Amino acid sequence: MEKEWFTISVYSENNVGLLNRISGIFLKRHINIESLNVSKSEIEGVSKFTIVVYTTEKWTRNIVGQIEKQIEVIKAFYHTDEETIYQESVLFKIASNLLFDERQIQNIIKDNNSQIVTVARDFFVIAKSGRRNEINEMYDQLKPFGIMQFVRTGRISVSKEEMPITALLNEFYQDK
Amino acid sequence: METVKIKTEVNPKKTKLKISGAEAIIHCLLAEGVDLLYGYPGGAIMPVYDELYKFQDKLTHILTRHEQGATHAAQGYARVSGRVGVAMATSGPGATNLVTGLADAQIDSTPMVCITGQVTRHLLGSDAFQETDIIGISTPVTKWNYQITEASEIPEIMAKAFYIARSGRPGPVLVDITKNAQIDEFEFSYEKCTAVRSYNPEPKPSVPAIEAAAELINNAKKPLIVWGQGVILGKAEEELKALVEKSGVPAAWTIMGASALDSEHPLNVGMVGMHGNYAPNMLTNECDVLIAIGMRFDDRVTGSLDTYAKQAKVIHFEIDKAEINKNVHADVAVLGNSKDTLGLLLPMINENKHEAWHNEFKEYYKIEFEQVINNDIHPTKEGLTMGEVIERINVESEQKAVIVTDVGQHQMIGCRYAKFKQSKSNITSGGLGTMGFALPAAIGAKMGAMEREVVAIIGDGGYQMTIQELGVIFQHKVPVKIVVLNNDHLGMVRQWQELFFDRRYASTVMVNPDFVKIAEGYSIEAKRVSTREDLKIAIKEMIASKEPYFLEVKVEKEDNVFPMIPSGASVSEVRLK
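Taken in order, these protein sequences are the chains called A and B.
The UniProt record's numbering applies: residue 1 is where the first sequence begins, and numbers increase by one.
The UniProt record's numbering applies: residue 1 is where the second sequence begins, and numbers increase by one.
In short, the hints are calculated from the structure, not lab data.
This structure is a prediction, so every number in the text was calculated from the model and none was measured.
Glycine included, each C-beta is placed from N, C-alpha and C at the ideal position.
Fair warning: there could be bad hints in the mix.
As the list claims (entries may be wrong) - Derived DEER-like restraints, expressed as beta-carbon distance ranges:
id, chain 1, residue 1, chain 2, residue 2, range
1, B, Gly125, A, Glu57, 39 to 45 Å
2, A, Glu57, B, Pro479, 53 to 59 Å
3, A, Thr153, B, Asp133, 24 to 30 Å
4, A, Pro164, B, Ser304, 38 to 44 Å
5, B, Asp331, A, Lys110, 54 to 60 Å
6, B, Asp35, A, Asn15, 37 to 43 Å
7, B, Glu286, A, Glu83, 37 to 43 Å
8, A, Glu57, B, Gln56, 23 to 29 Å
9, A, Glu161, B, Asn350, 39 to 45 Å
Said to hold, decoys possible - Within a straight-line C-alpha distance of at most 30 Å, the following computed DSS-like cross-link-like pairs (lysine-lysine) qualify:
id, chain 1, residue 1, chain 2, residue 2
10, B, Lys326, A, Lys28
11, A, Lys69, B, Lys313
12, B, Lys321, A, Lys75
13, B, Lys235, A, Lys69
14, B, Lys192, B, Lys241
15, B, Lys381, B, Lys419
16, B, Lys5, A, Lys75
17, B, Lys421, B, Lys235
18, A, Lys58, B, Lys326
19, A, Lys69, B, Lys321
20, B, Lys5, B, Lys18
21, A, Lys160, B, Lys204
22, B, Lys5, A, Lys160
23, A, Lys160, B, Lys321
24, A, Lys58, B, Lys204
25, B, Lys326, A, Lys75
26, A, Lys69, B, Lys204
27, B, Lys192, A, Lys75
28, B, Lys400, B, Lys477
29, A, Lys75, B, Lys339
30, B, Lys235, A, Lys75
31, B, Lys310, A, Lys3
32, B, Lys7, A, Lys69
33, B, Lys477, A, Lys28
34, A, Lys69, B, Lys192
35, B, Lys310, A, Lys58
36, B, Lys321, B, Lys310
37, B, Lys321, A, Lys40
38, B, Lys310, B, Lys7
39, B, Lys235, B, Lys204
40, A, Lys3, B, Lys321
Model the full structure from these sequences, guided by the hints.
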C-alpha cells in the first residue's frame with residue numbers, strides 16, 4: 001500500500017492530558033505527525049484536533065480506530081487531500097531594506113496574494129495562507145533574498161462530507 | 001454552566017456530609033461494592049491509609065510486598081470474580097511500580113482501578129520528593145487516567161473510573177490524587193456513573209450483520225470457531241456452548257479464552273497459536289469460514305498474517321471496533337457484546353453435525369497425541385515432564401481448580417494440558433507475557449473465589465521475580481497451592497536458543513536457592529519431589545491440604561514445548577519436534 005497524505009480530524013472533550021494520549025498512539029506505531037492543530041470546534045465545549053500524516057491508508061485507519069477508542073474522543077475521521085478544504089498560514093520576517101532595494105519582493109507579495117502585516121525600521125512581516133505547495137513556492141521565491149524568520153502553522157481543514165458530531169451528542173442526551 | 005458529560009444513577013436517599021477527600025475515597029470504594037484491595041502505603045497516600053484503618057471492618061486492605069504484586073493480585077481477583085480489582089500505591093516509585101500490572105491489564109482487558117497518591121498540588125512540577133508524572137507514564141497502558149487536584153472532584157472521577165474500567169472492553173484505569181485533595185474537606189455525595197458522552201462501550205448489534213454471519217455459517221462446509229476472552233468477559237459461555245452444539249462447528253480457543261467451554265466437550269478442539277494444538281492450527285488454513293469470537297488475532301495466534309486463513313471467509317464478533325480489520329480482514333464484522341450478538345445469532349443457525357470435517361480434527365489429534373501429548377503426560381523416560389505434573393493436578397483436583405500460570409514453558413504446558421469444567425479458571429498473563437505474574441495473581445484469585453481450589457504453576461525464573469509475595473500468603477494464611485516446575489533454566493528462552501540460536505545458552509542457566517527452605521521461612525508447608533512416585537503422593541497431599549502449600553518439582557532440564565509454530569511462520573508450518 002502506498003503512502004499518502006491524510007488529514008485526521010478528531011472531535012473530543014477538552015481535557016488535560018488528551019493530547020498526550022493521542023500523540024502516544026502515533027509514537028507507539030513510530031509514525032511521525034507532519035502537522036498538528038488543536039482548537040475549539042463549531043460545538044461549544046468540544047475541541048477539534050487536525051492532524052496530518054504521511055503514511056498508508058491501512059495505518060491511518062488503524063490510528064483513527066485507536067484514537068476513537070479513547071474515552072474522551074467523541075469521533076475521529078480521516079480524509080485525503082481531495083476530500084478536504086485545507087490551509088496553512090505562514091509568517092515571513094524579512095529585512096526592511098530589501099523591500100526598497102529589491103523590487104521583485106513586492107511582486108512576490110502581490111503574486112502570492114499575501115499581505116504585509118507590519119513594517120518596522122529593521123524588518124517587515126509578510127503573512128500568507130494557502131496550501132502547502134503554494135507556501136513552499138513562495139518560500140522558494142523569497143529564500144534567495146534572505147529570510148530572517150519563518151514560521152508555519154499546522155494545517156486546518158474542513159471536510160467536504162458532513163461530520164455529524166452534534167447528532168452524535170444529541171443521541172447521548174436523548175437516551176437520558 | 002458546564003455541559004453534563006456523564007450520566008449518573010440518581011440516588012434519592014443521598015445525604016450530604018462534609019468529609020475529607022481521603023474519607024470520600026473510602027466511601028466511593030464502598031459504594032462501588034469494593035470490599036478488598038491490594039496496596040502499599042507511603043507518604044503521599046497516607047491520609048487514605050489513615051481512613052482505611054478506620055474502615056477496616058468494611059474494607060480489607062492486603063499489604064503486598066511490592067506494588068507490582070498489588071496490581072497482579074488485583075488482576076487475579078478480577079479475572080476469577082468478574083469484578084473490578086483495586087490496587088493502591090503512593091506517589092513516585094510506588095506509582096511507577098504499578099506500570100507492569102497496568103500494561104498487563106490493558107493488553108489482557110482486565111478491569112482494574114489503581115489509585116495513586118501524588119504530591120500536594122502546589123508542588124506539582126517542582127520535582128518534589130517522590131514526585132513523578134504517573135499520568136504521563138501510565139497514559140499508553142491505561143484505558144483512562146485522571147489526576148484529581150481538588151477534593152470535590154473525587155466522587156465524579158471515582159464513579160467514572162469504575163464505570164470505564166468495567167464497561168465495554170474492560171481495562172485498567174489510574175486515578176492520581178494529590179495530597180491536598182485527600183486532606184481538604186468538601187460536601188460529599190455519590191452517584192454511580194452510567195454513561196460518558198464521548199464513550200460508546202457497547203456498540204449496538206447490527207441485525208443485518210448477524211444475518212450475514214448466519215448465512216455464511218449455515219452454508220459453510222468446513223467452519224471453524226476460534227473464541228477468545230471476549231466470551232468470558234461478555235459472560236457468553238452458555239451462548240457459545242449452544243452455538244457450538246447447534247451448529248456442530250468445531251471450536252478452538254486462544255490462551256485467554258481457555259475454560260469458557262468444558263475442556264472435554266466433544267466439539268472443543270483445543271488451543272490455537274504458537275504452542276496450540278495441531279488440529280486447529282493446521283485446519284485454520286483449510287476451513288472455509290473462520291468464526292472469530294471475542295479474540296483479536298494476536299501474532300502468537302496467527303503466525304504470519306500473509307498465510308493466515310487466506311482461503312476462509314472471516315466473521316469477526318467483537319466489542320471493540322478498533323480490532324476489526326486491525327490484523328485480519330473481516331468479511332463480516334459483528335460489533336457488540338458477545339452475549340448479545342451470539343444470542344441474536346443462535347435462532348438463525350441451522351442444526352448441523354459436520355462429521356467428516358470433525359474427523360479431520362480427530363486425525364490430526366491422533367498424530368499430535370502419538371508424537372507429543374502421550375510423551376508429555378505419560379512419559380516413560382526417567383526425568384519428570386511438566387505435562388505429567390499438570391495431568392496429576394487434573395486428576396487430583398477433578399478438573400475443578402483455578403490454574404494460575406506465569407510465563408514460559410510451564411505456562412504453555414499448563415494451558416495445553418490443564419482441564420477445566422468451569423469458566424474463569426485459567427488465569428495467565430497472555431498478551432504481555434509478564435514473568436512474576438502468577439504468585440500474586442494466585443493470591444488475588446484465591447481471595448476472589450475462596451470456595452475454589454487455586455493452583456499456581458510457576459517456573460523457577462518467574463517465581464523469583466515476585467517471590468516476596470510469599471509474605472502475603474504467610475501473613476494472611478491464603479491457602480493457595482504453589483507448584484514450581486524447576487528445570488534450573490529460563491526454559492522457554494533456552495528452548496529458543498536451542499532451536500534458533502545454535503544452542504548458545506546466553507544467561508539462561510539459573511543457579512537456584514533452596515526453594516523449600518524459603519517457603520519454610522514463611523511457615524508454608526513445603527516439599528520437593530523428583531520422582532514419579534513422590535510426585536503422585538505430593539500432589540494428592542497438596543490438593544487435600546486446606547493450608548497454603550508449596551511444591552517444587554524437579555523436572556527434566558532440557559525439555560522443549562511442542563507443537564511449535566516458529567515465530568513469523570505460517571500456522572500450518574507447525575513443528576511437532
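Against the structure, the hints:
Between Gly125 of chain B and Glu57 of chain A the CB atoms are about 40 Å apart, so this pair conforms to the stated range of 39 to 45 Å. For Glu57 of chain A and Pro479 of chain B, the hinted distance range of 53 to 59 Å is satisfied, since their beta carbons lie about 55 Å from each other. One distance hint, 24 to 30 Å for the beta-carbon pair Thr153 of chain A and Asp133 of chain B, holds here, with the actual separation near 28 Å. For Pro164 of chain A and Ser304 of chain B, the Cβ-Cβ distance of about 40 Å falls inside the hinted range of 38 to 44 Å, so the restraint holds.
Restraint check, Asp331 of chain B to Lys110 of chain A: a C-beta distance of roughly 57 Å satisfies the suggested window 54 to 60 Å. Under the hint 37 to 43 Å, the C-beta atoms of Asp35 of chain B and Asn15 of chain A, about 31 Å apart, miss the expected range. Checked against the given bound of 37 to 43 Å, the beta carbons of Glu286 of chain B and Glu83 of chain A, roughly 41 Å apart, stay inside it. About 56 Å separates the C-beta atoms of Glu57 of chain A and Gln56 of chain B, a value inconsistent with the hinted range of 23 to 29 Å.
For Glu161 of chain A and Asn350 of chain B, the hinted distance range of 39 to 45 Å is satisfied, since their beta carbons lie about 41 Å from each other. Under the criterion of a C-alpha separation no larger than 30 Å, the hint pairing Lys326 of chain B with Lys28 of chain A is consistent with the structure, at around 15 Å. Between Lys69 of chain A and Lys313 of chain B the CA atoms are separated by roughly 26 Å; this keeps the pair inside 30 Å, and the hint holds. In summary, the hint linking Lys321 of chain B to Lys75 of chain A is supported, as the alpha carbons are separated by about 12 Å, within the 30 Å threshold.
Restraint check for Lys235 of chain B and Lys69 of chain A: the C-alpha separation of about 22 Å stays at or below 30 Å, so the hint holds. Proximity of Lys192 of chain B to Lys241 of chain B is assessed by CA-CA distance (about 34 Å); at most 30 Å being required, the pair is judged violated. Taken as a hint, the Lys381 of chain B and Lys419 of chain B pair is honoured in the structure, with Cα atoms around 24 Å apart against an allowance of 30 Å. Taking the CA atoms of Lys5 of chain B and Lys75 of chain A, the gap is about 15 Å. The hint holds against a cut of 30 Å.
In summary, the hint linking Lys421 of chain B to Lys235 of chain B is supported, as the alpha carbons are separated by about 15 Å, within the 30 Å threshold. For the given pair, Lys58 of chain A sits about 9 Å from Lys326 of chain B by alpha-carbon distance, which is consistent with the 30 Å threshold. Between Lys69 of chain A and Lys321 of chain B the CA atoms are separated by roughly 8 Å; this keeps the pair inside 30 Å, and the hint holds. A threshold of 30 Å between alpha carbons decides the hint, and for Lys5 of chain B with Lys18 of chain B the separation of about 25 Å falls inside it, so the pair holds.
Between the alpha carbons of Lys160 of chain A and Lys204 of chain B the distance comes to roughly 28 Å, so the proposed pair stays at or under 30 Å and holds. A hinted pair counts as satisfied when its Cα atoms are at most 30 Å apart, and Lys5 of chain B with Lys160 of chain A qualifies at roughly 28 Å. Straight-line distance between C-alpha atoms of Lys160 of chain A and Lys321 of chain B comes to about 25 Å, which keeps the hinted pair within the 30 Å bound. With a C-alpha separation of about 25 Å, the suggested pairing of Lys58 of chain A with Lys204 of chain B holds against the 30 Å cut-off.
With a CA separation close to 18 Å, the supplied pair Lys326 of chain B and Lys75 of chain A stays within the 30 Å bound. The suggested pairing of Lys69 of chain A with Lys204 of chain B holds, with an alpha-carbon distance near 16 Å, which does not exceed 30 Å. Among the hinted pairs, Lys192 of chain B with Lys75 of chain A is consistent with the structure: their alpha-carbon atoms are about 25 Å apart, no more than 30 Å. Between the alpha carbons of Lys400 of chain B and Lys477 of chain B the distance comes to roughly 22 Å, so the proposed pair stays at or under 30 Å and holds.
A hinted pair counts as satisfied when its Cα atoms are at most 30 Å apart, and Lys75 of chain A with Lys339 of chain B qualifies at roughly 26 Å. For the hint pairing Lys235 of chain B with Lys75 of chain A, the CA-to-CA distance comes to about 28 Å; that is within 30 Å, so the pair holds. Restraint check for Lys310 of chain B and Lys3 of chain A: satisfied, since their Cα atoms lie roughly 25 Å apart, inside the 30 Å limit. With a C-alpha separation of about 19 Å, the suggested pair Lys7 of chain B and Lys69 of chain A falls inside the 30 Å cut-off, and the hint holds.
At roughly 42 Å between alpha-carbon atoms, Lys477 of chain B and Lys28 of chain A are farther apart than 30 Å, so this suggested pair is violated. Restraint check: the Cα-Cα separation between Lys69 of chain A and Lys192 of chain B comes to about 22 Å, which is no more than 30 Å; the hinted pair holds. This hinted pair checks out: Lys310 of chain B and Lys58 of chain A have alpha carbons roughly 18 Å apart, not beyond 30 Å. Pair hint Lys321 of chain B plus Lys310 of chain B holds up; C-alpha atoms about 22 Å apart against a cutoff of 30 Å.
The suggested pairing of Lys321 of chain B with Lys40 of chain A holds, with an alpha-carbon distance near 27 Å, which does not exceed 30 Å. Only pairs whose Cα atoms come within 30 Å are accepted, and Lys310 of chain B paired with Lys7 of chain B is rejected, the gap being roughly 44 Å. Distance hint between Lys235 of chain B and Lys204 of chain B is fulfilled; the C-alpha atoms sit about 17 Å from each other, no more than 30 Å. For the given pair, Lys3 of chain A sits about 24 Å from Lys321 of chain B by alpha-carbon distance, which is consistent with the 30 Å threshold.
Going down the numbered hints, you'll see the structure goes against 6, 8, 14, 33 and 38, while the others check out.
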